[in-house]
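Each chain, written out:
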Amino acid sequence: MTLQTVKMVSITVDGQTVTVPTGILLIEAAKRLGIEIPHFCYHPKLSPDANCRMCLVDIEKVPKLQTACTVPVTEGMVVQASSVKVIEARKGVMEFILSSHPLDCPICDQGGECHLQDLAHEYSRQYSRFKEEKRSYEKEYFGPIIEKEMNRCIQCMRCVRYCDEVIDSNALKGMDRGNLTQPGTFMRRELECEFCGGCIQICPVGALTSRVAMYDYRPWQLKKIETICPHCADGCLMKLESRDEKVVRVTSELGKGRNDGDLCAKGFFGYEFINHPARLIQPLLRRSGELVPVSWYEALSEAATRLTQIKARYGGAAIGGIITARCTNEDAFLFQKFMRLVLGSNNIDSSARLGHLNAVKALRTVIGSPRMMNSYEEISQADLILLVGADITETNPILGLKVKEAVRRRGARLITIGPFQENPGTSVSNIVNRANLPLQVRIGTEGVVIRGLIKAVFDEGCYDPSLPNRAPGYVERLKEAASALSYEAVERITGLGESQLREVICALAESKRAVIFSGEGLIRAPGGYLDLLNLCDLAILTGKLEGEGCGVNALCREANEQGVVEMGVAPEYLPGLQDATEPAAIQYSVAAWKDDLVLAGGSTLLEMIEKAKRGEIKALYLVGVDPLSVFPDGVEVREALERLELLICQDLFLTETGRLAHLVLPACSFAEKEGTFTNQEGQVQKLNRAIEPVGESRADWEIFSELARELQYPLEYADAHEISSEIARFIPLYQKRSALEFQKKVQRTCLERYLAQGYIEHFEERYTKSPGVGKSDPGYPFTLTMGPILFHSGRLSLRSDALVKISPEGLLQINPKDADVLGLKEGQRVRIRSSRGIAEVKVHPNQKIPEKVVYYPEVFAHTGVKDLFSVELDPISRVPYFKTTSVRIERV
Amino acid sequence: MLSEKAQAEITEIVKRYPVRRSAILPALWIAQREFGYLSEEAMRAVANLLELNPTQVYEVVTFYTMYSLKPSGRYVLQVCRTLSCAICGAMEIISHLEKRLGIKEGETTPDRLFTLRYVECIAACGNAPAMQINQDYYENLTVQKVDQILNELATVGKSSLASGPFMCP
Amino acid sequence: MPVYEEIILKNMKLPGYKGEISDYKRQGGYRALSKVLKELTPDQVIEIVKQSGLRGRGGAGFPTGLKWSFIPKDPQVPKYLCCNADESEPGTFKDRQLIERDPHQMIEGLIISSYAIGAHVAYIYTRGEFFHGAVVLEKALAEARDCGCIGKNILGSGYDLEVFVHRGAGAYICGEETALLESIEGKRGMPRFKPPFPATHGLYGKPTVVNNVETLANVPHIILRGAEWYASIGTPKSAGTRIFSVSGHVKRPGNYEVPMGISLRELIYEHAGGILGDRRLKAVIPGGASAAFFTPDHLDVKLDFEEVAKAGSMLGSGGVTVMDETICMVWAAMNLLQFFHHESCGKCTPCREGSFWLHRVLKRIEEGQGQMEDLDLMVNLSNNIGGKTICAFGDAEIAPVLSTLKYFRGEYEDHIRQRRCTLRQLPALAGSPTSA
Ligand SMILES: Cc1cc2nc3c(=O)[nH]c(=O)nc-3n(C[C@H](O)[C@H](O)[C@H](O)COP(=O)(O)O)c2cc1C
Ligand code: SF4
Ligand code: FES
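Protein chains in written order, with this note's numbering: chain A, 1 to 892; chain B, 893 to 1061; chain C, 1062 to 1497.
Among these hints, one or two may not hold up.
Stated by the list, open to error - Distance windows between CB atoms, simulated:
#1 B/K907 with C/N1214: 16 to 26 Å
#2 B/S931 with C/G1266: 26 to 36 Å
#3 B/P1002 with A/E253: 36 to 46 Å
#4 C/Q1137 with B/A1046: 53 to 63 Å
#5 B/P963 with C/R1341: 41 to 51 Å
#6 B/K962 with C/E1100: 36 to 46 Å
#7 C/D1221 with A/E75: 37 to 47 Å
#8 C/D1221 with A/V78: 43 to 53 Å
#9 C/S1083 with A/E826: 52 to 62 Å
#10 B/A1046 with A/E826: 10 to 20 Å
#11 C/Q1137 with A/Q126: 36 to 46 Å
#12 A/G15 with C/E1100: 54 to 64 Å
#13 C/G1334 with B/S931: 42 to 52 Å
Read the hints as simulated data drawn from the structure, not as lab findings. Cβ coordinates follow ideal geometry from the N, Cα and C atoms, glycine included.
Please work from the sequences and hints to get the whole structure.
Here is the structure:
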């Protein structure tokens, strides 16, 4: 919201007068008077097309009827929106639309929520004057998950415009002409796109519908519950619509949620895991080698007995707990409380360790707040967006939409720094295609680029003038470091030359509202923590850290990565990210929990597994995590787990790890519980229960609470809200629900501390240490890298049939040139060989992938590709890295 | 694939416009000239050259009637059937053609020599009835003339009856 | 018969005139251009054209100078001129002749007009069928470029202009100015809603003027011989000459350039030599298929924008189609509705569905399957289309229906009563209406 004062005008519609901002569309102005002008093709998200002609109105002093969807209001405008003349005209339009619309409402899934049905009552005559044969289309198969019934199409082209203007996909386009015009695909093939479901949702009739739940329901039979999408950290608001305790579809509502009614494939089609037949419905206990169903009573008492024994014999430090970053804040909060108080262990961690902790630590060090610095609103209003190692449309599709909006609608400049190339003409977004300045760098060298950029800041002499007086030492040290670095070195390593680096800096300097993003390429790559600090330095130097509408942001993956860390699920942090080594912080908890706090242990994710392997950790409590499918063989997770005296797995499904467990506890999915997620932006958003728990499954927090009772250390809560309020009491931040309310901005004192001496820590590693050139082994000419793909989020998406239909298996993406050299065609099998092993996969040539690089979707890595990697532990943030490795590609 | 020459031509034409996409009609004409029709490859090639999604090319192709998605005969007879021609004998011409070639609208003769199409007014009304064969106009048609034209095209590959620069009367 | 001085058809009729730049220059070609570039400011050019009373020849008859004056003056913003050479209005074939016989005349007009509105790029949009026309234009443009009339620093004036031919691919609607712009932008030729108008938001969203070939062809002559001279031709409100393309049942079909305001009778019986075989005239379309039918009662209507409009039709594109007594009016209307149905772009509902519906009803009646209530239905449907569509195509497609129903209702009723066409001389229309 730019805060310019807009001129107001007053207009009169059907005798009522209203004052509205000048220039808004008449159809919107009328809404403010409660007058809904009928329409089909108009949609507030889309540029008007005025093709349906249903919104005709009579404007004084204008000869012809006008379309309310195209006319901007002007002072003194007088409008008839329901005069006889207008109604007659609309009836005429309606008659034309109905003349070629079939009467198949009884078998149309749109029935009951169809704009045409609704308006037909009001605007059509009782009988039809159309005696001719209706136009009819050849039936086209549109693919497994979207149904295309063009005879119902009213040719408003909303789907087409949405696909272009909002999603930027262009997979759906107008086809043919005249009264056989229709939305369609290249060569009338099956739809290939981002499958955001937007076309289905925006279609006012039943022309485009979901095949996932075809004929399963009538809209009015559905129970509709608003909740938050569990698939990623964008935190989209969605409605889960269920019938007989089964979720049958997902919808979203324009203007609602951080996503403003948009969803991605995962959100719209990724719900089938909820009622998946493989859901765990009973606790399982290992008896004589077999996992057998048992009662909760048995399961919990068994767990309690064994935990008590182990704690008694080896102490709390011999117990570890790992929880998924997909659980709610309430689950996470109770989990760490359970581990710390009940089991007396500080071996607690979450999947956020796999990268996000780098970002949290860095931002906490520099600005004192761990969250994204810019709201989604600020992002769409930025005038420059700098993406560093962030494949944003792939990893965070909805946030990606905000970036596209900034670029396409508001003309923001977009600079991308990363390994990926432009591939114009794709119908699955690649943000590089939208960049004004797409800077392709060698994979894994983003960090070095940042150092180069800092050098350029000094050479361009455009750093924040106030800075030298404010932090002379800081500026001096950086200047020194910068001059020590040579552009040649940077170019040799990254591929970016001096001029390009300078160009970026000039663009940054010119911009007012600059938003900087770091993504997978930085956060999950070796040295991620230090590189993020350097990125902050870059922002500080260029005055883009504190400036209005500016900021540094780190993208998250899982739905509640931000939350679990803030809940204190990490050995180094107590709730509210208080330093677990600070007496004051400990005192705070002690006071709050009225019990003293022995922080025994303190191992992180990977360390726990290694300790288990060494026999130092005897019991592991895994909640929603499946290390066996995540870590490369090299880590020897299996060996580690097999040495445990007790392995408890709490999950929706029986995972690979679960098969080794002594005890398996069935947990509820997000759809069955209440609580909150904190999205990457820092919005604390409420989950609501859409269906009853599946089988005997229970909410994670309930299980902790029950288990605590069994262990004679009651942690009693009536419901999730009670935990929420405790969280709010404990973490003042959580007294505010909306990120926009609290100052997620720079905490002055902290920044000053950083500028004074904070920066000195690790300065050597960050700057003066000469950047190592990635050694390329001729035996392994390709770099294999793993990362997310748009259509999957992990185990949940792999259990969602529709998403599996869209993306059934892991395809190794390879540059077409490389594919040609190797004589590889789409879908051909290849062997990937690294020094650590071999995996066999199919290839998918994609111009987006740079030469000599191959990209594999992480969700499918458990089938073998992960084992090609070796793991490197970050000495500071203790984040395990296994992002890239050198491989050879051989055709099979 | 598009020939080097064709690609060069298109890249030249792109320079005429501030927006690459604008070159799509000319590019499609060139592609159609190369292949005789717009095959999938042809459309993909155009899409690549103009940095468009193939669907953005296809939507255009399906809107304009002169682009053809399937191979047609060597000579495409486009007979005008709009009012002025229709009242001046186009219907006789049409039924004669259908009889002589043994095909109907949209069809191609087995020897793949002639494709028959009926089109709307081609701006030759003063010399009605008229038709366009590939790029040439043929006007003031009579059944006899039509026979001569078809014979000449079938034998020597061009007809002496093609119109020159237009002047009427 | 009265003879008038031809202005824009003159050169091409000279013996040996091949329309090459040498021919054109020999007749004083490009003198207007150098006069303009040497002596006149853009605003002066606009003023002269305003004074001349020149009105658009493409159909709407909008005052040309006035249209130009709407273009914002800001030199920073790029502006475009597009020559509408799409000539697709049934019954019209004048632009084709102007292009193929005397291309430089319209090109000179186009350069002058571009100068007047401050455009540095101009596109000539020809219909896809004009393959030869496009070749002729390309050649002419090359010639003009060679002698410095196009390109950088034209005739040493410092004014730059690039001109390109853009050939369509078969779509009548691309003659509509905003559809034409969409088509140049590389999209489906679908009209934009207006406002905003091309003068402010045209090609690539920039200020743009679209002018018809004949309109532009007049400009050089106006410059050389003055606004007063031009205004003195024709009628006060409809100045100058007009090319009428006469076709159908006349002895001498063709393009006739006459002063505006001569009577329809004179045009048909004098210039076009009267009805074929001296049969009786039954109906005339005075301004292309989009114009309402006239009957013999209208023979004395003066052919200028106002009079024709007053008589209930429009001068439109100047395409005059003459039908004698042998022609069935239901069939004629059906033929045109087939055209309109085939050419409707499909964007807006009333046109898309209406043209289909009307054509089907007409077909039924023509085949003897009609009912009396169909006649009122067609009137009612037409009124639901007229004035309710995005572009004027909607008003065009109903003109044949309403006018034939108005003047020849009896013929419709005969079809319905006798369940057949009483005077059809012609075999049924071949081809399915939607075959594309
Ligand atoms: C459906 C439709 C078709 C048209 N076709 C043509 C055409 O073929 N040639 C033309 O010059 N104008 C045509 N016009 C008129 C143009 O929209 C525009 O008014 C004209 O080109 C402006 O040029 P002028 O002012 O010189 O007449 C058409 C208009 C409509 C609504
Ligand atoms: S498919 Fe959807 S968008 Fe397209 S016309 Fe039909 S209703 Fe409108
Ligand atoms: S809503 Fe206005 S024309 Fe469709």
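| task | Run the structure past the numbered hints and jot down the numbers of the failing ones, going up. | result | The structure breaks hints 3, 6, 10, 11; every other hint is satisfied.
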